[in-house]
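> Generate the whole structure from the sequences, applying the supplied hints.
Each chain is listed here by its residues.
Number of protein chains: 2
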Amino acid sequence: MAVNLVAPDPRGLLAVPGVELGWAQAGIRKPGRKDLLLVRIAAGSQVAAVFTKNRFCAAPVLVAREHLAAAGCAVRLLLVNTGCANAGTGPAGLAAARDSCAAAAALAGCAPGAVLPFSTGVIMEPLPVQRLVAGLPAAFAALAPGNWGEAAEAIMTTDTVPKAASCRITLDGQPVTVTGIAKGSGMIHPDMATMLGFVATDAPLARDTLQALVARVADRSFNCITVDGDTSTNDAFVLIATGQARIAPIAGAADPRLAALEEALAQVARQLAQAIVRDGEGATKFIEIRVEAARDAAEARAVADAIALSPLVKTAFFASDPNLGRILAAIGKAGVADLDADRVQLFLDDVAVARDGGRHPDYREEDGQRVMSAPEILVRVVLGRGAAGATLWTCDLSHEYVSINADYRS
Amino acid sequence: MAVNLVAPDPRGLLAVPGVELGWAQAGIRKPGRKDLLLVRIAAGSQVAAVFTKNRFCAAPVLVAREHLAAAGCAVRLLLVNTGCANAGTGPAGLAAARDSCAAAAALAGCAPGAVLPFSTGVIMEPLPVQRLVAGLPAAFAALAPGNWGEAAEAIMTTDTVPKAASCRITLDGQPVTVTGIAKGSGMIHPDMATMLGFVATDAPLARDTLQALVARVADRSFNCITVDGDTSTNDAFVLIATGQARIAPIAGAADPRLAALEEALAQVARQLAQAIVRDGEGATKFIEIRVEAARDAAEARAVADAIALSPLVKTAFFASDPNLGRILAAIGKAGVADLDADRVQLFLDDVAVARDGGRHPDYREEDGQRVMSAPEILVRVVLGRGAAGATLWTCDLSHEYVSINADYRS
Numbered sequence: 000m001a002v003n004l005v006a007p008d009p010r011g012l013l014a015v016p017g018v019e020l021g022w023a024q025a026g027i028r029k030p031g032r033k034d035l036l037l038v039r040i041a042a043g044s045q046v047a048a049v050f051t052k053n054r055f056c057a058a059p060v061l062v063a064r065e066h067l068a069a070a071g072c073a074v075r076l077l078l079v080n081t082g083c084a085n086a087g088t089g090p091a092g093l094a095a096a097r098d099s100c101a102a103a104a105a106l107a108g109c110a111p112g113a114v115l116p117f118s119t120g121v122i123m124e125p126l127p128v129q130r131l132v133a134g135l136p137a138a139f140a141a142l143a144p145g146n147w148g149e150a151a152e153a154i155m156t157t158d159t160v161p162k163a164a165s166c167r168i169t170l171d172g173q174p175v176t177v178t179g180i181a182k183g184s185g186m187i188h189p190d191m192a193t194m195l196g197f198v199a200t201d202a203p204l205a206r207d208t209l210q211a212l213v214a215r216v217a218d219r220s221f222n223c224i225t226v227d228g229d230t231s232t233n234d235a236f237v238l239i240a241t242g243q244a245r246i247a248p249i250a251g252a253a254d255p256r257l258a259a260l261e262e263a264l265a266q267v268a269r270q271l272a273q274a275i276v277r278d279g280e281g282a283t284k285f286i287e288i289r290v291e292a293a294r295d296a297a298e299a300r301a302v303a304d305a306i307a308l309s310p311l312v313k314t315a316f317f318a319s320d321p322n323l324g325r326i327l328a329a330i331g332k333a334g335v336a337d338l339d340a341d342r343v344q345l346f347l348d349d350v351a352v353a354r355d356g357g358r359h360p361d362y363r364e365e366d367g368q369r370v371m372s373a374p375e376i377l378v379r380v381v382l383g384r385g386a387a388g389a390t391l392w393t394c395d396l397s398h399e400y401v402s403i404n405a406d407y408r409s
Numbered sequence: 000m001a002v003n004l005v006a007p008d009p010r011g012l013l014a015v016p017g018v019e020l021g022w023a024q025a026g027i028r029k030p031g032r033k034d035l036l037l038v039r040i041a042a043g044s045q046v047a048a049v050f051t052k053n054r055f056c057a058a059p060v061l062v063a064r065e066h067l068a069a070a071g072c073a074v075r076l077l078l079v080n081t082g083c084a085n086a087g088t089g090p091a092g093l094a095a096a097r098d099s100c101a102a103a104a105a106l107a108g109c110a111p112g113a114v115l116p117f118s119t120g121v122i123m124e125p126l127p128v129q130r131l132v133a134g135l136p137a138a139f140a141a142l143a144p145g146n147w148g149e150a151a152e153a154i155m156t157t158d159t160v161p162k163a164a165s166c167r168i169t170l171d172g173q174p175v176t177v178t179g180i181a182k183g184s185g186m187i188h189p190d191m192a193t194m195l196g197f198v199a200t201d202a203p204l205a206r207d208t209l210q211a212l213v214a215r216v217a218d219r220s221f222n223c224i225t226v227d228g229d230t231s232t233n234d235a236f237v238l239i240a241t242g243q244a245r246i247a248p249i250a251g252a253a254d255p256r257l258a259a260l261e262e263a264l265a266q267v268a269r270q271l272a273q274a275i276v277r278d279g280e281g282a283t284k285f286i287e288i289r290v291e292a293a294r295d296a297a298e299a300r301a302v303a304d305a306i307a308l309s310p311l312v313k314t315a316f317f318a319s320d321p322n323l324g325r326i327l328a329a330i331g332k333a334g335v336a337d338l339d340a341d342r343v344q345l346f347l348d349d350v351a352v353a354r355d356g357g358r359h360p361d362y363r364e365e366d367g368q369r370v371m372s373a374p375e376i377l378v379r380v381v382l383g384r385g386a387a388g389a390t391l392w393t394c395d396l397s398h399e400y401v402s403i404n405a406d407y408r409s
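If you're matching them up, the sequences are chains Z and C in order.
In this text, residue positions in the first sequence follow numbering that gives the first Met the number 0: the first is 0, and each later residue adds one.
In this text, residue positions in the second sequence follow numbering that gives the first Met the number 0: the first is 0, and each later residue adds one.
One should not assume that every hint holds.
FRET-style restraints, in silico, Cβ to Cβ [said to hold, decoys possible]:
#	chain 1	residue 1	chain 2	residue 2	range
1	Z	LYS52	C	GLN173	50 to 60 Å
2	Z	ALA386	C	GLY251	46 to 56 Å
3	Z	ALA252	C	GLU364	49 to 59 Å
For the record, the hints were derived by calculation from the structure and aren't laboratory data.
Remember, predicted model here, so these are calculated numbers, not experimental data.
The C-beta atom is built at its ideal place from N, Cα and C for all residues, glycine as well.
Written as structure tokens, this is what we have:
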């Protein structure tokens, strides 16, 4: 049950000139569901990506990183499968990822190094390369610029709602488009990017500008979410810039148009990232945690993490129970060694909950109850130490989360 | 439903000469349950303690720390209440803790500074001092050396089984006794000690020796457990040495009898710590996580923590589902930056699960299934980096955990 999240209207998803998408039902894990996605990228495009920092990162992550480093601007194809993460699969997994790329490259008429592979699904199970390869011709046949909605469906695993977003801005009097898709619902605590996110624009960007952008956009979107604190082995966030918009190339950090484009990219990425939380496994509440007046960003994030990851806080949200001392306990255990509890203030939406190390004199249980009962809740913590801050989006911990993850493979 | 844990037979709990225990039903939160405990300690005893590092630590923790620092060997009374943590209660909470000590001291005929207060229960609610004080005479009247079993009951909150352990060793041909009690079931991730643990011995020990002992014993017991990763605001582990055993004082680190005593203390403390995990909220499995061949103890502990705290690993244990790639993902996200996944080995009890970065060639799903179905499971991770290690005890994450914590205050 996703929180205030419906499937995007496919008519609202704008095609990005230079990008085509095709899907197939390859039967990777189960028959009869879309589980294979191809993204064909026009020649002359730039592609940049950030990947999981999990040390058990998946074979496709290793191969995609390698191809990206070698091919640079020559990436022509993204190859995505669900149903199997191809992680914890050793040398055989690496061979499977390379074989998949080679098969797709043969059909596309490009070098295997121009293909970036992505996988998501169960860890430590072998990738069924033959079934994947057998599904490729159908996916190629389906390639079209208007398939963003179906592409969003093709990368779902435990997601209950497909995730896609789009926006258009005007630069130099010309339209510039940004459209993206993402998947993810559990094992969400991105360390660099989310489970899988692909965002494309037709803006013309140099490669180093794009690489800097992808990291900054990830930090403002996918890196601000957590469902269960578990960083996936397969996280990847890819930014494609086809350069087919009718504007002069964006030169770099000094170009005044870059800020407007970055806002558009961040808006789409944030919408996708928040969609992942809204569709978090078992989620019934969408919670924004805003930590203010911290000494630096790292301690603000540590406090936000401690709140967002506390099972006791998350179950209280699920129960709509204003057992708000649990939030104080989470703040206190966040590892800020010299935190002065007496200077901390806690707010729930507009309700002042705590100050001077304890309950706010005006706080009334019924006010806390009112906020906790809402499907969207803002937790605001003022540390009273400085001017830095951090924002995190997360969800509650419900019976349904346990059910989903106790049954995931069956 | 506790995992392989039954209430201790009161006849097996050995009295410690110099320690008397008394309880009452003070109606702190709910009527008709034991919620007040007094521990009277004979003159000449030594008391040492370690407390939570949570920055929102409770008022009684602040007062107990202060009294301990000032009174030293003069501690004569422990005063414990359940039903209210007296944490996140600001200056009023501090006054309530001091008033409670003063009332108990007046009845005991000692200085208020000779009383150490301890509280456990809901955070950010005021301590009902009047009801607590009204319960004191009954608790004093009940003081007796044989009350360890009832004392264990008097400190329970969401615990389903009282926790107590006892052992007797012989030093210099004389019996020396160690007996302890503990409580805890949720909000368990001790950073210094557990929710509440009290262990007493009649061994004669100097104060500095005792203080060193309490930290070492905590590191071998309470600091090796986690239920939900939430460090409580009220954790305390207290070690009492009455010195009434008929042996010469144990001189310090050089005394050869110290090692035997430390083993006995660690054995009792470990039994109590493991009882907390066995009675972890909603627990259906007891899991030992042993990380070996780490470069240092800190990284071994980080890997053990990452596994023990992963909701995905914990729900897989609940489901008896050998979805063991989740353990690899947890190892990979533990923050060991230069971990070589290809050198990591994973065992479940006697079953080799992973090596060379992937599934062990001999691993069969039915073997994993067999181990996962047992109520007690050993997860052994060999990192292949050095000679350090860490052991952690934890439990699974079940529907019942969510139910308990969604309903806790109601």
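> Give a verdict on every hint.
Here's how the hints hold up against the structure:
no., hint, result
1, LYS52/Z / GLN173/C: 50 to 60 Å, "holds, 57 Å"
2, ALA386/Z / GLY251/C: 46 to 56 Å, "holds, 50 Å"
3, ALA252/Z / GLU364/C: 49 to 59 Å, "holds, 52 Å"
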